[in-house]
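Chains A and B are the protein sequences, given in the same order. Convert by adding 43 to the 1-based position in the first sequence; the result is the number in the numbering used here. Convert by adding 6 to the 1-based position in the second sequence; the result is the number in the numbering used here.
Honestly, the hints are just simulated from the structure, not real lab data. You may find that some hints are simply not true.
What the hints assert, rightly or not - A few chain B residues facing chain A, derived, Cβ under 8 Å:
id, residue
1, Leu-70
2, Gly-170
3, Glu-468
4, Trp-521
The beta carbon of each residue, even a glycine, is placed where N, CA and C say it ideally should be.
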Amino acid sequence: MRYLPLTPEDRAAMLQRIGASSVDAFYDGVPAEARLPGPIEGLPDHQGELAVERHLSNLAIRNRTAGEGPFFVGCGAYKHHVPATVDHIIQRSEFLTTYTPYQPEIAQGTLQSLFEFQTQVAELTAMDVANASMYDGSTSCAEAALMACRVTKRRRVVLSGGVHPHYVAATKTLCEAQGIEVVALPAAIDGEAALIEALSDDTACLIGQSPNVFGTVSDLSPVAEAAHDKGALLVSVFTEAVSLGMVPPPGEMGADIAAGEGQSIGNALNFGGPYVGLFAATQKLMRQMPGRLCGETVDADGDRGYVLTLSTREQHIRRDKATSNICTNSGLCALAFTAHMTLLGGAGLTRLAELNHEAAGSLAEALESVPGVEILTPRFFNEFAFRTPVNAEAVLAMLEERGILGGVRASRLLPAGVMDDVIIAAATECTQEADIAAYADGLREVV
Amino acid sequence: MTMNSTGRPTAPTDIAAAAGAPETVSGSRGLLQHEPLIFETDRWGKTGVDLPAPRGREDRLGGLARKSAVDLPGLSEPQAVRHYVRLSQRNYAIDLGLFPLGSCTMKHNPRLNERMARLPGFADIHPMQPQSTVQGALGLIDELAGWLKTLTGMPAVAMSPKAGAHGELCGMLAIRKALEVRGELETRRRVLVPASAHGTNPATAIQCGFTVDEIGAGKDGLVDMEALRVKLEETDDIAGIMLTNPNTCGLFERDIREIADLIHEAGGYFYCDGANFNAIMGRVRPGDLGIDAMHINLHKTFSTPHGGGGPGSGPTVLSDALAAFAPVPFVSQEEDGGFMLVEEDRREAAHSFGRMVAFHGQMGMFVRALSYMLSHGADGLKQAGEDAVLNANYVQARLKEVMSPAFDGFCMHEALFSDDFLGDNGIETVDIAKGLLDEGYHPMTMYFPLVVHGAMLLEPTETESRAELDRFCDALADVARRAKAGDETLKGAPYLAPLRRLDETRAARKPVLKWSPPARESVAAE
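With the sequences and hints as input, model every part of the structure.
Structure, rendered in structure tokens:
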């Protein structure tokens, strides 16, 4: 077995040194009736690299990749180009195979990159402080709702009809387990402002999303003002981090907490994970944040260094009084994010955002030219919803037969019968003019 | 190298200075290159990525736009590569040496698994693609689920959880839902958690709306059965128990079947924290122990890399009593052999407690874990578990003359010591840990579990050779002897690490969580 260094001779000598007759002696505490007598049944024995590679490759080739043809699927995860350098960096042994930086003297690589990550996220979201990552955007959103309840000491949260339905569901699951009332407004393509009407004196926060799941870009400033007037917070959600290069970021709209998905920067699609949850807040709320925080300090010689800090918020210190149960986060995905951002810089991100926006504009123009197609999203970044003259599921299936993955039918995310004729399509810098032409032609044939 | 001069020295002497090591102009120390923050460069307004110019078509943002430009530097590729490679050299890692962090299972990360996870068929597929286009991916999830169910002897597994603590949340939410269906959610509020538990256990119970009641440990490091019986007799509102097995003292809870029976008789459920599954893999199946739910850390037992803090993955196996309440989505196999993702709208999900995260779990980790399992096979996994336990016992045997084993007898896959051997000489567990840094090792877990004074928890894992274990034990034994003898220089350790001991109090008192331009001094907290 190539991963196990001990030889039979080693094992015998070690048992002798320990004073045990065999390894069975170590399992003495296991109730006799629960001890497995022989080898594990029903599983194959060990295999060499070649055999494993063959086995897994056979599964991999049965999937249609985003890169192999026209591809317009978005809704919370986006196909972007990641520079080769990023993957090289995250595969460095010292980043890949290290643990949470609990021993800062020998973890400055991880810690300094986290400090840079936090700075970048704070700047992108235009917030004061950011944490060292959450699992993903949906859990960031759920944790933001819980944090708002802690801060305001209220127990009611309201989500707009534009928040990604998976985010709504994850927030409901987490909040309702604590008896927090969760109000999810009905799906609405351009309904972030409806949050204001749902505001009450006992509301902890309003949760809006821009661009929302239908791609609609909104100014949440009026929502923030209304919330603040009633002592509530605004949580501003995003699923497409690249949009922050162009659209009003949470901090410019008066958000108290920004919660979003960082996959778009540095991370592959990975069929849904691992991704990287971004979480940022105002300075005032810093001590109520969930998750790890990296802070600057000095060592015994006065040299600058970084440590995990404010850990009295966390489960390993505060146990049942912690702000969250999160421990493992998305460290390496955060490294991928920060490495990609370090290459892009603000200027590169802005240009990348513009290219995404233009690709989506091109796509919208091409699809609008198809008879019966109506773009429903009034203001969009790189994704929009459109109405088809026939059932969206059927349209997408027929496009799939032509090798085109045309987006997500809204009905996959919404209750039965809602928006059956709506498709949500995304374009990015990876989208080529030929892909767009193929999409429009295909759509023309099937509707 | 000095950028600040306000640090408080904690050591009377500086070994490097005493040895005559010169100050350098560059701030570098030989091969250890000085590396500033990316913000301390002249690359503001620049980018290191070649992107075509936008064509300048009319925007469709309806007049909305970001007001302030994104103000971040962009490094050219060679600068960026150098930045991160230099930073990386300030990190310890398994690939550099033994990483005996107890309860963390820092074993070798096979590179085959990395290659497999990067196959475009896994890395470049979208979670919302039509299911007909991702049959291989769904098949992989189903295959991995099969391995997990077989290894644990449990009938069901939820694949959504993103990490261990998220797996705990999954299990406890399933328990919560089961109680709700029984109509007893309002009356069963109490979750029992041993004092030796990971901090995530009580934090999770609270996140699920339960109250936490601590159960003490006996002198033997196991659950105090008498205390448990009394607690169960005194109370009638037990929702369940959260127990780690093997426990955080590195011991198998020998009364586990009785604990399960007692909890079940009291009407509660048994959650097992599976962080230590590596010790019993192939020897014991949780399904034979009366457990109702247990998460498995793929990033521990099945070697998906820790990545400096994540990502992880925490699939949660469930008993028949809880299986129906598993979160959506999950994979099911159709009669024609095809795979289907069961989401919210399906009848099969009628009793699900709902969705706990967007999409379908940590696919990238699933690929790596399955690659690991296939490589090891049934025989290799069992051998891995046994070698992990053997290595831990070897470390315990080698160190017990110098340090104080917390408990008598053999351990499972981690060896636990207390600080008894230090007496009152002023040297503490943390000083031993920092002393080990100078010996070129990552230290053991310190001050955990809480039930052992000055705890030092060592988990060598099965991927260490005997020679490496010996080198490590020689180093730790020497540091321990120095500590026992009251060697004050340990209070100033480390001397040879990239940085000296860091001032964590200062970091927390006046948190600086991001870089600010020198002109606008860092905004102090509150």
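Tested hints:
For Leu-70/B, the suggested interface contact is upheld, since its CB lies about 5 Å from the closest CB of chain A, less than 8 Å. Hint on Gly-170/B holds. Least Cβ distance to chain A is approximately 6 Å, under the 8 Å limit. A distance limit of 8 Å between C-beta atoms decides the matter here; for Glu-468/B the minimum to chain A is near 6 Å, and the interface restraint holds. Taken as an interface hint, Trp-521/B checks out: its beta carbon lies about 5 Å from the nearest beta carbon of chain A, inside 8 Å.
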